[in-house]
Amino acid sequence: MRKLLFQSLFRPPLTEQAPLPDDTAVTELATAVGRAARRHLGRSLSIREVDAGSCNGCELEIHALNNAYYDIERFGLKFVASPRHADVLMVTGPVTKNMRDALERTYHATPNPKWVVAVGDCARDGGCFAGSYAVAGGVSQVVPVDLHIPGCPPSPTMVLQGLLALLDRAAPNATSA
Amino acid sequence: MPSLIDLMLEGRSVQQHSPWPRVAVDASVWTFAASELAQGRWSLLGLWGELSTVHMAIMDGHTAEIATVSLDCPDHSYPSVGKHHPPALRLERAIFDLFGLSAEGSTDSRPWLDHNNWGVRFPLGDRIDALSQSSPYRFLPAEGDSLHQIAVGPVHAGIIEPGHFRFTASGETVVRLEERLGYTHKGIEGLMIGASVERAAQLAGRVSGDSTVAYAFAFSRAAEAALQLVVPDRAIWLRALLAEFERLANHLGDIGAICNDASFALMQAHCGVLRESVLRASNAAFGHRLMRDIVVPGGVTHDLNGDGTAIIRAALANIRRRFPALVELYDNTASLQDRTVDTGVLKPTLARQYAAGGYVGRASGRSFDARRTLAYPPYDSLHFEVPVLTEGDVNARVWIRVREVEQSLSLIDQILDRLPEGSIGTRVAHRPEPREGMAIVEGFRGDVLIWLRLQDGRVERCHLRDPSWFQWPLLEAAIEGNIVADFPLCNKSFNCSYSGQDL
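Residue numbers (the numbering used here), protein chains in the order written: chain L, 991 to 1167; chain P, 3 to 505.
A portion of the hints provided could be inaccurate.
Stated by the list, open to error - Sample of chain L residues facing chain P (criterion: CB under 7 Å; computed from the structure):
hint, residue
1, M991
2, S1036
3, E1039
4, V1040
5, D1041
6, E1049
7, A1058
8, A1071
9, S1122
10, A1124
11, V1132
12, M1148
Rather than coming from a laboratory, the hints here were simulated on the basis of the structure.
Glycine is no exception: its CB is placed at the ideal position from the N, C-alpha and C atoms.
Work out the full structure: start from the sequences and follow the hints.
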């Protein structure tokens, strides 16, 4: 373990290596997210992720935001365990009828001011699951949505981009609240 | 001892079902099959319904023979299999919720997928109005002095799927865990009915996002079996490449995540980097990080990009350079071993009874791996080992994954070395008459079974059985006697799919 930790001290951070063009994009984006987040919300924006019926593809990519390449916590953006601690609800999936109640309750358990980000194609309108007897529809059918990030699933870069857009839009609300 | 073949002779064989036979049987043969399952002579592979028929897929573990028996139930009931063979219980509850066919004599008639939110009952059978008021779900009792209950979910603390866990604990120790699932039920089998084969393939790839390749692979193989399609060699080999890449990414992620649930974040950080390297290589080589919608009936939609081979080889070399140090770290960290060794033990008898697939089965002595036992192409001409352990604890499930990472690396090398030239797909010619097909494909989590009936380019009925159906109930058994705080660790070591079983 010491050897691994020691190596990590000397190895350049993975985020700064740019062997592929999208790594450059991540770095640019990361800087931008960092600036906007700090300007509007200090150093803290807490995200509560809610799977309202997704296939778990979106969860995989949201998880990836925590890996060393994206390292979302650099910007003070972090995932929290309770809606009570959250500023943002990040909701995935078509909302299934069996999850509708749980999603509503999670929304009401989140203190104001709060934003809802719907992630993935099915979170917009049910996507390929729309029309099923078991699906209520997109997230906005159940709780008010501030931003939608498309993709099946969206890549971590796209999710970061979406958060940036949210920070820009949420600014007036955040200062007035 | 009767063989599956004998059972087949008892019934009326259904034409145009491939590759394994399906026979219509009467109630006595059905019950006989259930009792043979209970005796442990055969394994239950699947149990699913139709408007007024139930089907049961069975495997003879010794000969790897597979057969499906079907029972007509015009009066909407059939003799319960679960009464004899508990692994069938949840499947029977799901059949009742979706089709209204009741399992006569079942020991558990509570709803499973139906939480009385759909506005309709028996959505795939003869629909009736929903109950005006739902009665509270009765959890199984646990009796004793100073027991307390802990209710968890459906919304969990982490970035994971929704489900409800009801713990009954005595102090720190779990006396009983009962799962209640169905929250992510999207009605996929309902959406399949009448869908075009193309749309159905897309839906199949969205049953469980982490197994999108395995599901698309299984669906395509089932459709091709039904339509008697011959897939070009290059497509067959590319499918295996995609499947192994998916396994690699998931296992690397899991190994890190299990250690993280034992509060050893260093492994998570390093395994996360390796996982990301696989996803980036997938994106560069195939145009999608999770390789979604690439396997389709007839072949694959995407060939390796120009420098795809080089990118994949570079990713493999990187993993080979870094992974051994992580394995050593796992093995040599006493505080981590203290959490994983002897934790969440699944007994081999239970793994065998439930025909548990994947690392859950293989860590508890069940050697089944569809790639080896059923040897579908191209695995029949590839060299690999199927690691098996008997300890059945969290540690064993980690080690199975470690060994399978190594096997997948070797398989990908072999595939790249021998990748045939040629076309990557064939046109799907539809048939006007109904034709049925079945396929079993080894996903990273275990064997995915898909059965379907096609007619004129449309799906009449498609059933998708996730390996989790036979793993979730075992988690309840494995956690017993462990402390509540070890539940996340045990749960992650099983890593069952919620969406895959909820459908």
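Structure-based check of all given hints:
1. M991: holds (6 Å)
2. S1036: Violated. Min distance 13 Å.
3. E1039: Hint holds; E1039(L) Cβ to chain P Cβ min 5 Å, cut 7 Å.
4. V1040: The hint holds - V1040(L) has a Cβ within 7 Å of chain P, the shortest such distance being about 6 Å.
5. D1041: holds (5 Å)
6. E1049: holds (5 Å)
7. A1058: holds (5 Å)
8. A1071: Holds, about 4 Å.
9. S1122: Check passed: Cβ of S1122(L) comes within 4 Å of chain P, closer than 7 Å.
10. A1124: holds (4 Å)
11. V1132: violated (12 Å)
12. M1148: violated (11 Å)
When held up to the earlier numbered hints, the structure conflicts with 2, 11, 12 and fits the remainder.
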